[in-house]
Amino acid sequence: DAGVIQSPRHEVTEMGQEVTLRCKPISGHNSLFWYRQTMMRGLELLIYFNNNVPIDDSGMPEDRFSAKMPNASFSTLKIQPSEPRDSAVYFCASIDGSTNEKLFFGSGTQLSVL
Amino acid sequence: DQQVKQNSPSLSVQEGRISILNCDYTNSMFDYFLWYKKYPAEGPTFLISISSIKDKNEDGRFTVFLNKSAKHLSLHIVPSQPGDSAVYFCAASYSGNQFYFGTGTSLTVIP
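Chains as they are written, first to last, in the working numbering: chain A, 1 to 114; chain B, 1 to 111.
Rather than coming from a laboratory, the hints here were simulated on the basis of the structure.
Each residue gets a CB set at the ideal place from its N, CA and C atoms; glycine is no exception.
Please note that the accuracy of each hint is not assured.
Claimed, not checked - Output of the computed footprint for chain A on chain B, the stretches with three or more beta carbons under 8 Å from beta carbons of chain A: (1) 12-25; (2) 72-78.
As the list claims (entries may be wrong) - If you want the ones that stay clear, here's a sample from chain B, every Cβ over 12 Å from chain A, calculated: (3) LYS5; (4) MET29; (5) GLU42; (6) PHE62.
Said to hold, decoys possible - Covered stretches of chain A (chain B as the covering partner; in silico rule of three or more C-beta atoms under 8 Å from a C-beta of chain B): (7) 36-42; (8) 47-58; (9) 63-70.
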C-alpha cells in the first residue's frame with residue numbers, strides 16, 4: 001500500500017489567499033484525522049472523520065478553516081483567507097477503525113503564508 | 001488545554017547509553033498510549049504502544065512503562081544509537097478515538 005498521501009508537499013502563498021490541502025487515506029481505513037504541528041502545541045488535532053462524517057471539529061482554530069471528506073478516499077483542509085500565523089506543517093492520518101491500533105501519517109504539507 | 005505533556009523539549013545522550021523520554025497526561029479516561037518517532041521532512045511513524053491494562057511493553061531496544069496512578073509514561077531506548085536521533089511524540093487515546101499528542105522531545109544521540 002502507498003500509505004497516506006498528502007499534496008502538495010510544500011505550499012507558499014500570500015496572506016489572504018485560499019489554500020487547499022489534500023489527503024488520500026490508506027484504502028480500507030475508515031477514520032481520518034487532520035493535525036497541525038507547531039512548536040508551541042506539538043501535534044494539534046484539528047478535526048477527525050469517521051466513515052466520511054466529521055465527528056469532532058473542536059480543534060479547528062477558527063471559521064477560516066474548513067474540512068471535507070466527500071468520499072472514503074479523499075479529504076481536503078481549506079484555509080480561506082490564509083494568515084501568516086497559519087504557517088505550519090499540516091499532517092493527515094488514517095486508522096483502521098476495526099482495530100484502532102495506530103494512526104498512519106502522511107508526509108505532511110509545509111505551509112508558508114507570507 | 002494540553003492533555004498530553006512532554007516537558008523536556010530536548011535530550012542528548014551518548015551512543016550506547018539509555019535514553020529516557022517522559023510523558024504526562026491529565027485525562028484518566030485515556031486507555032491506550034503510543035509513541036511516535038519523527039524524522040525531519042517526514043510524517044510521524046509508529047514506534048510502540050501500551051494498553052492501560054499493562055504497565056510495561058517491550059519491543060527490542062524500546063520499552064514503554066505506564067504508571068496510571070501518576071498518569072505518567074516513559075519510553076526507554078537501550079542501547080541508544082545515532083539513528084535514534086529524531087523527535088519523539090507521546091500520544092493517548094480513549095476508545096480508539098481522538099488521538100492526543102504531546103509537544104515532542106527532540107532526542108540527539110551523540111556518537
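Hint by hint, here is what the structure shows:
1. Counting residues of the region 12-25 of chain B whose CB lies closer than 8 Å to any CB of chain A gives 0, which falls below the minimum of 3, so the coverage claim is violated.
2. Counting residues of the region 72-78 of chain B whose beta-carbon sits less than 8 Å from any beta-carbon of chain A gives 0, not enough to reach three: the coverage restraint is violated.
3. With a minimum CB-CB distance of about 9 Å to chain A, B:LYS5 fails to clear the 12 Å threshold, and the non-interface call is violated.
4. Separation of B:MET29 from chain A is adequate, the least Cβ-Cβ distance of about 15 Å exceeding the 12 Å criterion.
5. In this structure B:GLU42 is not separated from chain A by more than 12 Å, as the shortest Cβ-Cβ distance comes to only about 6 Å.
6. With a least beta-carbon separation of about 14 Å from chain A, B:PHE62 lies farther than 12 Å from that chain, consistent with its non-interface assignment.
7. With 4 residues having a beta carbon nearer than 8 Å to a beta carbon of chain B, the region 36-42 of chain A meets the requirement of three or more and the stated coverage holds.
8. Counting residues of the region 47-58 of chain A whose CB lies closer than 8 Å to any CB of chain B gives 4, which reaches the minimum of 3, so the coverage claim holds.
9. For the region 63-70 of chain A, the assignment as covered by chain B is violated, since 0 residues bring a beta-carbon within under 8 Å of that chain's beta-carbons and 3 are needed.
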